[in-house]
Amino acid sequence: MTFRLRFSFSEQDRAALLSHLEVQRALQRLVRRAALPFALSQGFSPHMKLATGPALPVGVASLKEYAEVELDRFVKPAEALARLQHAAPPLLPVLDCAYVAPTEPSLDSWFNRQACEFTTCAKQEELRQHFESVCAGPELEVVRKGKVKRYLPSEFVVGPVVLTGEAERTTARFVLRMKSTGSLRADLFAAALLRPFKITPYEAGLCRVDLYHEED
Amino acid sequence: MSGDADRFLRLVARAQHPSRSIDHEWGVAEFCDDALLHGAFCYPASYELGQSNNALQILYARANRIPQVAAERVFLPSVDLRTLMREEGAELLTLETNTAVRELDFLGITLPYELSYPAVLEVLDLAGLPLHGADRDSSYPLVIGGGPCVYNPEPLAPFFDAFFIGEAEEALAEILSVLCELKDRQASRAEQLQRLGDLPGIYLPANGAQRAVKRVVARGFATDPAPCSSIVPYSEVIHDRLAVEIARGCSRGCRFCQAGTSYRPVRERPASDLLREIITGLEQTGYDEVSLTSLSATDYSQLQDLLRRLAARLAGTGVSVSLPSLRVDAFSVEAARQLSEGAKKSGLTFAPEAGSQRLRDVINKNVTDEQLLEVIRVAAAGGWRRVKLYFMIGLPTETDEDVCAIAELVGRAQDLLKSEFDHRVAYAFQITVSVAGFVPKPHTPFQWEAQDSLQELQRKQQLLKRALPRRGVTLHYHGADTTVVEGALARGDRRVAEALERAWDSGAATDAWEGDFELERWEQAFSESGLSLEQYACRKRSFDEELPWGFLATGVSSAWLRREAEAAYAGQTTPDCTFSSCSACGACQEAGIDPGSVAGMRGGRS
Chain Y
2 MTFRLRFSFS
12 EQDRAALLSH
22 LEVQRALQRL
32 VRRAALPFAL
42 SQGFSPHMKL
52 ATGPALPVGV
62 ASLKEYAEVE
72 LDRFVKPAEA
82 LARLQHAAPP
92 LLPVLDCAYV
102 APTEPSLDSW
112 FNRQACEFTT
122 CAKQEELRQH
132 FESVCAGPEL
142 EVVRKGKVKR
152 YLPSEFVVGP
162 VVLTGEAERT
172 TARFVLRMKS
182 TGSLRADLFA
192 AALLRPFKIT
202 PYEAGLCRVD
212 LYHEED
Chain S
2 MSGDADRFLR
12 LVARAQHPSR
22 SIDHEWGVAE
32 FCDDALLHGA
42 FCYPASYELG
52 QSNNALQILY
62 ARANRIPQVA
72 AERVFLPSVD
82 LRTLMREEGA
92 ELLTLETNTA
102 VRELDFLGIT
112 LPYELSYPAV
122 LEVLDLAGLP
132 LHGADRDSSY
142 PLVIGGGPCV
152 YNPEPLAPFF
162 DAFFIGEAEE
172 ALAEILSVLC
182 ELKDRQASRA
192 EQLQRLGDLP
202 GIYLPANGAQ
212 RAVKRVVARG
222 FATDPAPCSS
232 IVPYSEVIHD
242 RLAVEIARGC
252 SRGCRFCQAG
262 TSYRPVRERP
272 ASDLLREIIT
282 GLEQTGYDEV
292 SLTSLSATDY
302 SQLQDLLRRL
312 AARLAGTGVS
322 VSLPSLRVDA
332 FSVEAARQLS
342 EGAKKSGLTF
352 APEAGSQRLR
362 DVINKNVTDE
372 QLLEVIRVAA
382 AGGWRRVKLY
392 FMIGLPTETD
402 EDVCAIAELV
412 GRAQDLLKSE
422 FDHRVAYAFQ
432 ITVSVAGFVP
442 KPHTPFQWEA
452 QDSLQELQRK
462 QQLLKRALPR
472 RGVTLHYHGA
482 DTTVVEGALA
492 RGDRRVAEAL
502 ERAWDSGAAT
512 DAWEGDFELE
522 RWEQAFSESG
532 LSLEQYACRK
542 RSFDEELPWG
552 FLATGVSSAW
562 LRREAEAAYA
572 GQTTPDCTFS
582 SCSACGACQE
592 AGIDPGSVAG
602 MRGGRS
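Line by line, the protein sequences give chains Y and S.
Just so we're aligned: the first sequence equals residues 2 to 217 in this note's numbering.
Just so we're aligned: the second sequence equals residues 2 to 607 in this note's numbering.
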């Protein structure tokens, strides 16, 4: 019998520049340093049974990301949290942890919405008009390893953009649908929104502020 | 975050693999704001290469243990980031506190490889430092060189304020203490250099070779705790594992090998200490692999004991143990088998270096054809299906028959596999032959030798290519053009510095990476400096010639080097003193170590 320990951590400031693979590797080392009784896979190359939530693109920060490690032995959640927090690298502080039932769906399959925010000096009305034109506009293209992938924004954007803040400093919040067949990346969408204002998503502090599940 | 740091991070975010430049890894030092001396250790290559360097980690950890000192890291940014930095007028910053390198008190630069010399100039230029030491006053950091290439510092002499010759871990505290004192009373650059020059192992290039400079040996190596790599990178570096140095020095006596002379005498750490330090290192870092490093790890006398105890301690943890180099004998294969028990067997690597017995005797590589064939037989029987063999071409006294003997040896290995194993094993077995061109290095018995010309190296490469069996064999060879430039820089004198600066100026900054290399750039740079690249690389030196590095004393005597060169011509071998008797190289006496404690120390082993 194994125990599924789910923990959350943040990826802010410089951590936004880490790739998903780098975060996964850092988490495995974190769990080892925490001396938790993690389970190993069987086979020629045994490895830690650790899973993470949906990938966060390079250049995007996050208030709360999730990972799950299988343990061979039960460790009290408070003790597990203390150990994880002590062993966490400076850019990936651990926030909380809890056990989840074996029947719970995996992190990757459960989350299907992400809310993101960025801040820019654009005026609210300008940004709103541009948001609407990007949402109604043509497919956004991304080239990865020589392959072109296309995403139609209207298939992914959920609801309107929420704009807050004062004049010349607008915070924009938008929600994107995540699909098992492929998702529009938050940085790609934000880059399209920010293009007229000549600022990159990283410079605008693009951050995933929430990950959640919502019935379609 | 300072404005410079913020601006730098914005540039980093636009470059490839930005995680190289973000610092904040697990295990980085914490700095006091009021440290008296602020400096950095620089590896003139990418983060991935530099962060894998164990020496840099050792020096970083030791320096930051001193309360008055804050020592950071500096690496050469990738080409895309350098372009962005120049476009935006941004200068090179330290990794940890994003301080301008120009504002530091000292900059220690590792010299890992001759072709990395232009990258040193690139670092100085990006940092906004005048390239020449003579143009830097006390408002600039002291630029101090060290590392494997320091045994002929002359081609780099104008660019450095000082060089440290030898193993720095023990001497570092004294050097930094002197620098603290000088900083405290705001000493002039002239006084800084004068005080530094009085310290053991320090060579001041501005003063030239006025006296012999003796290499410093870490005498407490065997008894001091093994410093384990403590910084755990986020990005995947070249050696992404815990590295523990189990022994230092190698007395096998290969006559081409500079490390074989410059790290003598052989010193070993006790297995019980290593076991404790490895377990602690793994717990503290979270690595899932540990590498037992040494010039010749399988020569470590307590290896079997250490591997057995490690296997017991690490069972069920998913931690693997690796050895970086294997000697050509069955013991090594047995050690590899112990390490890979129950796991996938990736491949084994051996370095016979030459194809014929005659040439192996010349270079003192005490390996026979039979030993190599036996190793391949044992490897195949043990489940391995891939073997990589390192050879050199262009070795002293080499003939075409010696080059073709590499192909014959590989052919015999394939015949043996066909005769002793099922055809599925024999045909699945892959042999990779990796061939480098011989470069005569300072402080070796072959330091006087001629190096093969570009055309001769290329001819021998083609000869070997034609002679090798086609099926089941893959041939890799190093570029002959890079080999010639490496040779010219390795044995160059101070005049070569001008050519080096010209080559860097024409775009050779990252010539250590072959993709960027252009021979014409170097030929032109030498020619414009009134020098001949080929002459520097290929000219045979006489025993009586005064060599540019002759004032540096590694501990191994010139007389011994010459005796070894003469033994090479006579085809005579010299046994490893740790398995037999002292060969009187002089290293133990110079290091203040009793030769009797080294000679025969591994004699009980086969």
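The hints are simulated quantities; they were obtained by calculation from the structure and are not laboratory data.
Source: prediction; values computed, not measured.
For glycine and all other residues, C-beta sits at the position ideal for the given N, C-alpha and C.
Incorrect hints may appear among the rest.
Stated by the list, open to error - Just the calculated beta-carbon pair ranges, DEER-fashion: (1) Y:Leu-96 x S:Glu-284: 22 to 32 Å; (2) Y:Phe-45 x S:Asp-416: 26 to 36 Å; (3) S:His-133 x Y:Gln-130: 51 to 61 Å.
To be verified - Some residues of chain S that are not near chain Y, with every Cβ distance over 10 Å (derived): (4) Arg-11; (5) Pro-19; (6) Ser-20; (7) Trp-27; (8) Arg-220; (9) Glu-284; (10) Gln-305; (11) Ala-312; (12) Gly-317; (13) Gly-383; (14) Glu-457.
Claimed, not checked - With the C-beta cut set under 10 Å, the calculated list includes, among others, these residues of chain Y facing chain S: (15) Ala-16; (16) Ser-20; (17) Arg-26; (18) Ala-27; (19) Gln-29; (20) Arg-30; (21) Arg-34; (22) Ser-46; (23) Val-59; (24) Gly-60; (25) Leu-64; (26) Ala-89; (27) Pro-91; (28) Lys-148; (29) Glu-204.
Results for each hint:
1. Y:Leu-96 x S:Glu-284: 22 to 32 Å: The hint (22 to 32 Å, Cβ to Cβ) holds, given that Leu-96 of chain Y and Glu-284 of chain S are roughly 24 Å apart.
2. Y:Phe-45 x S:Asp-416: 26 to 36 Å: 31 Å, holds
3. S:His-133 x Y:Gln-130: 51 to 61 Å: With Cβ atoms ~58 Å apart, the hint holds.
4. Arg-11: 6 Å, violated
5. Pro-19: 4 Å, violated
6. Ser-20: 5 Å, violated
7. Trp-27: Non-interface label fails for Trp-27 of chain S: nearest chain Y Cβ at 4 Å, not farther than 10 Å.
8. Arg-220: 34 Å, holds
9. Glu-284: Given a closest Cβ separation of 7 Å, the condition is violated.
10. Gln-305: Holds, because the least Cβ-Cβ distance between Gln-305 of chain S and chain Y comes to about 24 Å, which exceeds 10 Å.
11. Ala-312: 14 Å, holds
12. Gly-317: It is violated; Gly-317 of chain S is separated from chain Y by about 7 Å at its closest Cβ, not greater than 10 Å.
13. Gly-383: 15 Å, holds
14. Glu-457: Per Cβ check, Glu-457 of chain S is outside 10 Å of chain Y; nearest 41 Å; holds.
15. Ala-16: With Cβ-Cβ at 8 Å, under 10 Å, it holds.
16. Ser-20: 7 Å, holds
17. Arg-26: For Arg-26 of chain Y, the interface hint holds, since the closest Cβ of chain S sits about 7 Å away, which is under 10 Å.
18. Ala-27: Constraint on Ala-27 of chain Y satisfied, holds at 6 Å.
19. Gln-29: 7 Å, holds
20. Arg-30: At 3 Å from the nearest chain S Cβ, Arg-30 of chain Y passes the 10 Å test, so the hint holds.
21. Arg-34: Check passed: Cβ of Arg-34 of chain Y comes within 4 Å of chain S, closer than 10 Å.
22. Ser-46: 6 Å, holds
23. Val-59: Nearest chain S Cβ about 7 Å off; hint holds.
24. Gly-60: 6 Å, holds
25. Leu-64: Status violated, d = 18 Å.
26. Ala-89: 8 Å, holds
27. Pro-91: 5 Å, holds
28. Lys-148: 18 Å, violated
29. Glu-204: 6 Å, holds
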